[in-house]
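The residues making up each chain are set out below.
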Amino acid sequence: MELDSIYTELISEHSRSTEHKHHLECPNMSLKGRNPSCGDEITLELQVEDGYIKDASFVGIGCAISQASTSIMIDLIKGESVAKARHLANLFLRMIKREELTEDEEEELDEAFALKNISNMPARVKCAVLSWHTLEEAFKEVEGKH
Amino acid sequence: MELDSIYTELISEHSRSTEHKHHLECPNMSLKGRNPSCGDEITLELQVEDGYIKDASFVGIGCAISQASTSIMIDLIKGESVAKARHLANLFLRMIKREELTEDEEEELDEAFALKNISNMPARVKCAVLSWHTLEEAFKEVEGKH
Amino acid sequence: MNNTVKFKADFPLLGKPMGNNPLVYLDNGATTQKPGEVIKAITEYYDSFNANPHRGAYELSIKATDIYENARIKTQQFINAKYSHEIIFTKNATESLNLVAYSYGLSHVGAGDEVLIAISEHHSNLVPWQYVCQMKGATLKYIYLEEDHNLSQRDIEEKITEKTKVVAVAQVSNVLGLINPVKEIVERAHKAGAVVVVDGSQSVPHMAVDVQDMDADFFVFSGHKMLSPMGIGVLYGKEALLNDMPPFLMGGDMIDYVEEQHTDYAPLPAKFEAGTQNVGGAAGLSAAIDYLNRVGFEYIEKQEKELTKYAISRMKEMDYIELYGCDSSRDNKTGIVTFNVKDVHPHDVSTIMDAHGVAIRAGHHCAQPLMIYLKQNATCRASFYFYNSKEDVDKFIEALSKVRGVLGLGA
Amino acid sequence: MNNTVKFKADFPLLGKPMGNNPLVYLDNGATTQKPGEVIKAITEYYDSFNANPHRGAYELSIKATDIYENARIKTQQFINAKYSHEIIFTKNATESLNLVAYSYGLSHVGAGDEVLIAISEHHSNLVPWQYVCQMKGATLKYIYLEEDHNLSQRDIEEKITEKTKVVAVAQVSNVLGLINPVKEIVERAHKAGAVVVVDGSQSVPHMAVDVQDMDADFFVFSGHKMLSPMGIGVLYGKEALLNDMPPFLMGGDMIDYVEEQHTDYAPLPAKFEAGTQNVGGAAGLSAAIDYLNRVGFEYIEKQEKELTKYAISRMKEMDYIELYGCDSSRDNKTGIVTFNVKDVHPHDVSTIMDAHGVAIRAGHHCAQPLMIYLKQNATCRASFYFYNSKEDVDKFIEALSKVRGVLGLGA
Ligand SMILES: Cc1ncc(COP(=O)(O)O)c(C=O)c1O
Ligand SMILES: Cc1ncc(COP(=O)(O)O)c(C=O)c1O
Chain A
1 MELDSIYTEL ISEHSRSTEH KHHLECPNMS LKGRNPSCGD EITLELQVED
51 GYIKDASFVG IGCAISQAST SIMIDLIKGE SVAKARHLAN LFLRMIKREE
101 LTEDEEEELD EAFALKNISN MPARVKCAVL SWHTLEEAFK EVEGKH
Chain B
1 MELDSIYTEL ISEHSRSTEH KHHLECPNMS LKGRNPSCGD EITLELQVED
51 GYIKDASFVG IGCAISQAST SIMIDLIKGE SVAKARHLAN LFLRMIKREE
101 LTEDEEEELD EAFALKNISN MPARVKCAVL SWHTLEEAFK EVEGKH
Chain C
1 MNNTVKFKAD FPLLGKPMGN NPLVYLDNGA TTQKPGEVIK AITEYYDSFN
51 ANPHRGAYEL SIKATDIYEN ARIKTQQFIN AKYSHEIIFT KNATESLNLV
101 AYSYGLSHVG AGDEVLIAIS EHHSNLVPWQ YVCQMKGATL KYIYLEEDHN
151 LSQRDIEEKI TEKTKVVAVA QVSNVLGLIN PVKEIVERAH KAGAVVVVDG
201 SQSVPHMAVD VQDMDADFFV FSGHKMLSPM GIGVLYGKEA LLNDMPPFLM
251 GGDMIDYVEE QHTDYAPLPA KFEAGTQNVG GAAGLSAAID YLNRVGFEYI
301 EKQEKELTKY AISRMKEMDY IELYGCDSSR DNKTGIVTFN VKDVHPHDVS
351 TIMDAHGVAI RAGHHCAQPL MIYLKQNATC RASFYFYNSK EDVDKFIEAL
401 SKVRGVLGLG A
Chain D
1 MNNTVKFKAD FPLLGKPMGN NPLVYLDNGA TTQKPGEVIK AITEYYDSFN
51 ANPHRGAYEL SIKATDIYEN ARIKTQQFIN AKYSHEIIFT KNATESLNLV
101 AYSYGLSHVG AGDEVLIAIS EHHSNLVPWQ YVCQMKGATL KYIYLEEDHN
151 LSQRDIEEKI TEKTKVVAVA QVSNVLGLIN PVKEIVERAH KAGAVVVVDG
201 SQSVPHMAVD VQDMDADFFV FSGHKMLSPM GIGVLYGKEA LLNDMPPFLM
251 GGDMIDYVEE QHTDYAPLPA KFEAGTQNVG GAAGLSAAID YLNRVGFEYI
301 EKQEKELTKY AISRMKEMDY IELYGCDSSR DNKTGIVTFN VKDVHPHDVS
351 TIMDAHGVAI RAGHHCAQPL MIYLKQNATC RASFYFYNSK EDVDKFIEAL
401 SKVRGVLGLG A
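Those protein sequences? They're chains A, B, C and D, same order as listed.
Quick note on numbering: full-length UniProt numbering labels position 46 of the first sequence as 46, and the sequence is numbered without any gaps.
Quick note on numbering: full-length UniProt numbering labels position 132 of the second sequence as 132, and the sequence is numbered without any gaps.
Quick note on numbering: full-length UniProt numbering labels position 15 of the third sequence as 15, and the sequence is numbered without any gaps.
Quick note on numbering: full-length UniProt numbering labels position 101 of the fourth sequence as 101, and the sequence is numbered without any gaps.
These are calculated hints, taken from the structure and not from any lab test.
Please note that a few of the clues may not be correct.
[What the hints assert, rightly or not] Straight line, CA to CA, 16 Å or less: simulated EDC-like cross-link-like pairs of lysine to aspartate or glutamate: (1) C:Lys375 / B:Glu41; (2) A:Lys84 / A:Asp50; (3) D:Lys16 / C:Asp215; (4) A:Lys126 / A:Asp55; (5) C:Lys402 / B:Asp4.
[Unchecked claim] Chain A is nowhere near these chain D residues, computed Cβ spacing over 10 Å in every case: (6) Ile321; (7) Ile352; (8) Tyr373.
Computed from a predicted model, the values in this text were never measured in an experiment.
Every residue gets a Cβ at the ideal spot worked out from N, C-alpha and C, and that includes glycine.
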């Protein structure tokens with residue numbers, strides 16, 4: 001395994017970034033995601049209005065990969081529609097499961113595509129998908145309430 | 001393993017013999033011996049008077065080796081003192097445990113010495129010693145009562 | 001080269017002599033021999049991939065995890081379970097049955113309830129149910145036998161009632177060698193609201209098994225009776241049942257969160273696999289399943305049936321042989337032949353056969369209630385596997401024919 | 001040739017590269033590698049002696065029984081138990097601990113009683129006691145730590161009272177690597193009328209153990225952490241205690257007489273060994289004990305102590321490393337070094353080390369209550385065995401020094 005294909009500059013930077021790491025002032029959605037085997041724990045906070053993600057942030061602890069993945073995800077979904085965010089989560093999880101994506105889909109994932117190599121590291125896959133799974137679960141819960 | 005060193009004529013004959021296989025008219029000691037793994041079960045009956053074994057017999061089921069060993073044992077101990085019978089049991093069990101016996105001791109065991117080769121068959125040792133153990137136990141019980 | 005010669009060559013031990021004779025191994029019901037490629041799978045695991053699975057993020061540990069989880073998927077496919085997490089690895093069938101008894105039994109059987117098992121059950125599928133019934137004030141009932149030693153049809157029809165909470169029955173008895181109508185039993189039990197535990201120890205190695213078709217709630221077997229190493233067994237359980245059950249063994253790897261006074265258990269299958277698992281054993285099980293799939297159950301069943309038919313026909317020519325479970329009218333006989341030699345104790349039979357290189361079993365076969373029921377103190381058992389040949393049966397018959405003579409009894 | 005080079009050559013896996021690097025295996029606390037002669041003992045067993053022990057009267061089965069029972073005697077001598085029937089084989093230390101908890105715990109701990117364990121216990125010596133206390137309405141109490149991470153002397157003195165029925169404690173913690181004063185604990189517990197369960201998983205492989213001298217009531221360990229195959233573990237218990245306990249797993253081979261509604265259990269050790277046992281595993285355990293005896297614990301302890309001292313001194317030079325359990329004032333440190341790299345999650349540390357061929361553990365090490373107590377989400381752990389060399393430590397330190405750089409953090 002090549003370390004630089006995992007801990008790329010982009011990922012390292014995102015892992016250290018505190019831009020999205022704080023509480024929102026008035027989140028209307030918040031969900032906890034946990035990885036028991038790592039002890040990782042993040043709480044995702046979203047402010048969703050009229051089907052759009054007005055604001056998003058997270059708090060919690062985790063490894064570089066989970067932190068970077070979360071930071072990149074929030075970059076991507078902020079301002080997007082819930083539908084689009086769910087679409088992106090679906091793409092991301094498919095990529096990590098090593099399913100073939102089209103070039104367009106890869107482009108849609110933007111910086112998140114940099115996490116593709118994690119799919120070759122079974123022990124770390126859980127770290128990369130933690131935030132995306134939490135996002136999916138958050139929307140599923142809302143859906144369940146309707 | 002040589003079969004004829006185990007199932008000698010002597011042992012085969014004793015195994016089929018019914019001479020001692022019956023109830024006593026008035027036993028004053030009787031003890032059950034069992035081999036759970038074989039399902040073997042014998043009941044030893046003794047008539048002991050003034051420290052002497054006046055009469056002895058057994059009933060029960062078991063393999064050729066346990067039946068022969070029992071039959072030979074009864075031949076040997078009938079009419080002997082309890083002390084002598086215990087001494088013989090001790091010799092027999094030592095022989096089966098492959099302890100060295102003197103020539104005199106071997107002679108004392110008489111026909112029971114024919115069972116020596118069983119000591120080379122770990123799976124059948126239990127069969128050979130069943131009646132002798134039962135005899136030991138019977139006397140131990142009596143002893144306990146004094 | 002005929003098939004059995006070909007297969008025998010795959011098994012290092014089968015080529016070894018026993019004393020002065022070539023070994024004729026006919027105790028496959030107790031444990032089978034292992035083909036070279038199973039032994040090699042174990043060796044390779046320890047030579048190249050050994051690590052504690054699930055616990056490490058390094059490459060070696062990931063490989064060990066792969067080997068272990070692939071064995072689970074292979075086992076799932078082998079018995080056609082719906083999900084791989086319905087496959088729980090244990091150390092043997094006995095542990096699997098205890099897991100069900102302790103975890104499901106103690107929490108679902110109550111005072112006045114009934115547990116129904118067959119009189120022919122192996123102690124491992126019997127003593128745990130005695131325990132559950134004693135602990136819970138429930139009643140342990142038995143399915144007895146027909147004249148031909150099949151399970152009593154009447155008992156199956158009458159003894160499964162609304163009181164029945166668990167029916168536990170072997171797919172094939174290890175003494176009688178008859179295939180029991182487990183699918184019918186499951187159907188009746190489900191109608192009555194009971195779950196069914198099927199002991200597949202003597203079926204899985206010898207015939208294609210489909211747990212979904214059978215609709216068993218729990219299904220257990222041991223690796224060592226199907227070419228695999230000792231120390232690996234299987235419990236299959238339906239997802240919903242396993243999810244609802246409390247854990248059995250507790251410790252490392254079966255938890256999500258542990259606090260001083262509280263524990264959250266991990267999801268299936270980890271919930272039931274506490275402590276470091278037998279990965280070498282799982283590697284061997286994988287290789288064994290591959291081997292069996294290559295031989296194919298069509299061949300296995302055919303070969304065992306032929307050997308059994310031949311052996312029984314030869315034994316019936318000997319008027320001092322008594323047979324048990326060998327007269328079924330249902331075409332459901334497997335490769336297990338249980339018998340006695342008149343006037344000879346089974347242990348003498350097996351000692352004399354052994355002197356001729358023929359390994360058979362003698363005793364109660366861990367089925368004492370059946371022995372009592374059959375009014376036998378003990379019995380002899382020859383059990384075949386696909387690698388046995390007609391020549392093996394001939395040698396068995398030849399040795400058998402000498403038994404009475406050795407003891408000075410007439411033929 | 002120095003000693004470690006000599007020893008390493010005995011272990012097929014230790015010569016294999018990991019990716020592009022030679023493997024530096026430092027996860028011996030999780031499981032050790034196996035010397036060729038242990039692997040060969042397994043192979044030989046399946047090649048030449050495989051049979052179901054105890055159950056057959058034929059030669060092969062007798063040989064299998066010999067191998068199995070000799071392993072018991074070797075194990076007895078290895079830990080200096082009084083009788084060989086005080087040695088019960090299980091599948092791992094976890095099963096051994098569950099056996100004690102279910103069989104002894106549930107029958108001897110009652111409402112209002114207390115069970116005392118250390119906060120540093122492995123989940124396998126913790127969750128079963130939670131279960132016992134919950135089932136019985138008893139209280140689970142903890143021995144916490146001193147400043148230097150040794151067990152609190154005050155807790156040992158004050159928390160063992162007449163209410164205490166069981167004290168369960170590791171001889172060496174798998175995270176802190178400190179030898180606990182088990183002999184003193186046993187003495188205090190016996191005075192208070194409590195029994196002591198000693199978890200020897202991390203001690204038996206690394207130091208001479210004498211259960212009679214220690215006077216432990218129960219003592220457990222796993223084969224796979226001491227050069228043996230997976231799937232074999234040990235429970236030692238004092239004869240009188242084991243005799244009085246109800247059986248745990250039930251089934252074949254642990255009974256004397258089974259009737260439809262009643263069972264008489266077999267005497268020790270069979271009473272606790274239900275079903276077909278892992279004879280191949282026992283053969284491996286025997287070979288491992290032989291190997292360890294040949295190396296000698298004097299050498300093992302010395303080598304591990306040197307490696308640990310050297311590693312800790314090098315790590316103390318790196319100001320971004322936090323160490324746990326590495327400052328004991330009692331000269332009781334073993335070959336386990338637990339640490340964190342400032343600002344880096346343990347899983348990243350282990351991934352980066354792995355890329356350099358260095359296998360260490362990261363996570364909670366099945367000791368979550370200890371992690372909470374230490375206020376660490378997770379930690380890294382390097383654990384040495386006698387086959388590790390000073391060069392291994394150098395490579396470990398070199399890889400460790402690169403961790404922060406890879407993540408763009410200053411050194
Ligand atoms: C201190 C301690 N106790 C118990 C165990 C459990 O051992 P096993 O997983 O082999 O059952 C371990 C190892 O994981 C350990 O380190
Ligand atoms: C029908 C049946 N059930 C259960 C068992 C128990 O299997 P194990 O001893 O491998 O646990 C056996 C074999 O001994 C068996 O034949």
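Hint check:
no.: 1; hint: C:Lys375 / B:Glu41; verdict: 15 Å, holds
no.: 2; hint: A:Lys84 / A:Asp50; verdict: 13 Å, holds
no.: 3; hint: D:Lys16 / C:Asp215; verdict: 46 Å, violated
no.: 4; hint: A:Lys126 / A:Asp55; verdict: 25 Å, violated
no.: 5; hint: C:Lys402 / B:Asp4; verdict: 13 Å, holds
no.: 6; hint: Ile321; verdict: 18 Å, holds
no.: 7; hint: Ile352; verdict: 6 Å, violated
no.: 8; hint: Tyr373; verdict: 14 Å, holds
Of the hints listed earlier, those the structure fails to meet are numbers 3, 4, 7, in rising order.
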